[in-house]
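Residue strings, one per chain:
Protein chains: 2
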Amino acid sequence: MKTVTDIENMQSYAEKTRREGKVIALVPTMGFLHEGHLSLIRMADKAADLVVTSIYVNPTQFGPSEDVDQYPRDIDHDTTLAQQAGTDVLFVPTDKAMYPQGYQTFVTAEKLTRSLCGAFRPTHFRGVTTIVTKLFNIVKPHIAIFGQKDAQQAIVIRQMTRDLNFDVEIKVAPIIRHEDGLAMSSRNKYLTPQQRSEAPVLYQSLCEAQKMIEGGERNPNVVKKYTQKMIDTIASSKIDYIEIVDAVTLEAVREIKGNILIALAVYIGKARLIDNILIKV
Amino acid sequence: MKTVTDIENMQSYAEKTRREGKVIALVPTMGFLHEGHLSLIRMADKAADLVVTSIYVNPTQFGPSEDVDQYPRDIDHDTTLAQQAGTDVLFVPTDKAMYPQGYQTFVTAEKLTRSLCGAFRPTHFRGVTTIVTKLFNIVKPHIAIFGQKDAQQAIVIRQMTRDLNFDVEIKVAPIIRHEDGLAMSSRNKYLTPQQRSEAPVLYQSLCEAQKMIEGGERNPNVVKKYTQKMIDTIASSKIDYIEIVDAVTLEAVREIKGNILIALAVYIGKARLIDNILIKV
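Chains A and B supply the protein sequences, listed in that same order.
Going by this note's numbering, the first sequence opens with residue 1485, and the numbers climb by one from there.
Going by this note's numbering, the second sequence opens with residue 1485, and the numbers climb by one from there.
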């Protein structure tokens, strides 16, 4: 594995690789890698000749009240894990190179970014679509892999890729969970031991919602209320949202049918955790 | 020369061409080609192995009060001219393919698009940067060629290309003028014979401004006023703006020095014409 920090070096290496007829897969991450990321890298390794994992804590996807400097980092550990999982090139650019003086261009997907996390983090997805556009142009991948844990992000990226005609195949890898069901996340690091022991309630509530729906419940409000109640039993929890939406349009449904996404964002202590479940009714 | 209408066909042809180690140049146009466009195509022909000229009247760069359907079109004549000038592939996509149902992603350069034409056409450059992003992803050029006549557009595209890390070299070709000095433009078609005979005042006023500056004038307001007066002698004229700006930042200057762009947009009858001149002081 080699580490590349320079944008032009990454571009010329990608160009050379494409010319050789090799397939490039990109796994964009913000580092502090866990099994969730590694599953994406392994999926990339199966699908491509060259796996590029990017590690970059992208400032434009953090809101003004969100502390980008506090985001956990451990580049040495990341380097070891990324290599073990099958990364060929670790791309680690600097802020100065990614957003130089005078930077002013942004990519925005409009409709899909207004609901769910977009409603609470109004500039977040603009930062995501902008950085992914930049990474696509720098790494020149044939395939890019995202995690289902960030369900809205995956859908927004698919839409952006289609709308802007990026010649990139988007693959979405399933959520990786701890044994107790908590979705893996770099933000779990913020949890106290007490909060960590309570956090699995998020996934448990999604599983209960699924059971209700499988049992015949079709009223989203009934399912949402039950889920909210379960989460409210945790004193340190504060719900941003629990929504039952169409899995394609991300619009709230009035009746549970078709391909449904149940998505939630909940603070446990100071960690804002997200989780979701896809259901076909 | 071959004509391609399908986006995926264009992409796979571009990909194949790049793999062969050939250089692709893109000349994006809205058609109704004149000598200005042809000079861009000839420049592309000198610089690249494969010249792709796109013809697409992009609806997203027209404002709500601007009639995209009225924009002049003549695809048969365009096909002949484009081929004669050295086009290898004429890319002529449809609206339905470019902006399918549900389309929602836009590229925006912020600061540079607030002045000059951007102040009068608030969504225009968003449409331009979006369509150019799409064309870059479809045609996969090494080089893209724009005209100096659209001075602000050229600067915005350069900024966007740099910011989003497109691996594309932007070349800007000089303004082509009729013998009487009027800059060539598809919009000149809207002029009545009387207006056509008066329209050269735009370039004449820029030349007078240049003379004043060469003669030592450093106050932009003095130069602007003189220019305005010249244009106001034409009864059918209505000035959107005459500005003297820094040629890099497009910010208005208080004193004329360095690299200066004098740019104007003036209605002659119902034709909104633009012109500009670069001066190094």
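Hints are computed from structural coordinates only; laboratory data are not their basis.
Careful, some of the hints might be misleading.
Stated by the list, open to error - Taking lysine to aspartate or glutamate pairs in the EDC-like style, the calculated list, with each CA pair at most 16 Å apart, reads:
(1) LYS1500(B) with GLU1499(A)
(2) LYS1500(A) with ASP1651(B)
(3) LYS1506(A) with GLU1504(B)
(4) LYS1500(A) with GLU1499(B)
These numbers were taken from a predicted model, which means no experiment stands behind them.
Next item on the list: Please flag the earlier hints that this structure goes against, numbers listed from lowest up.
Entry: No numbers; nothing is violated.
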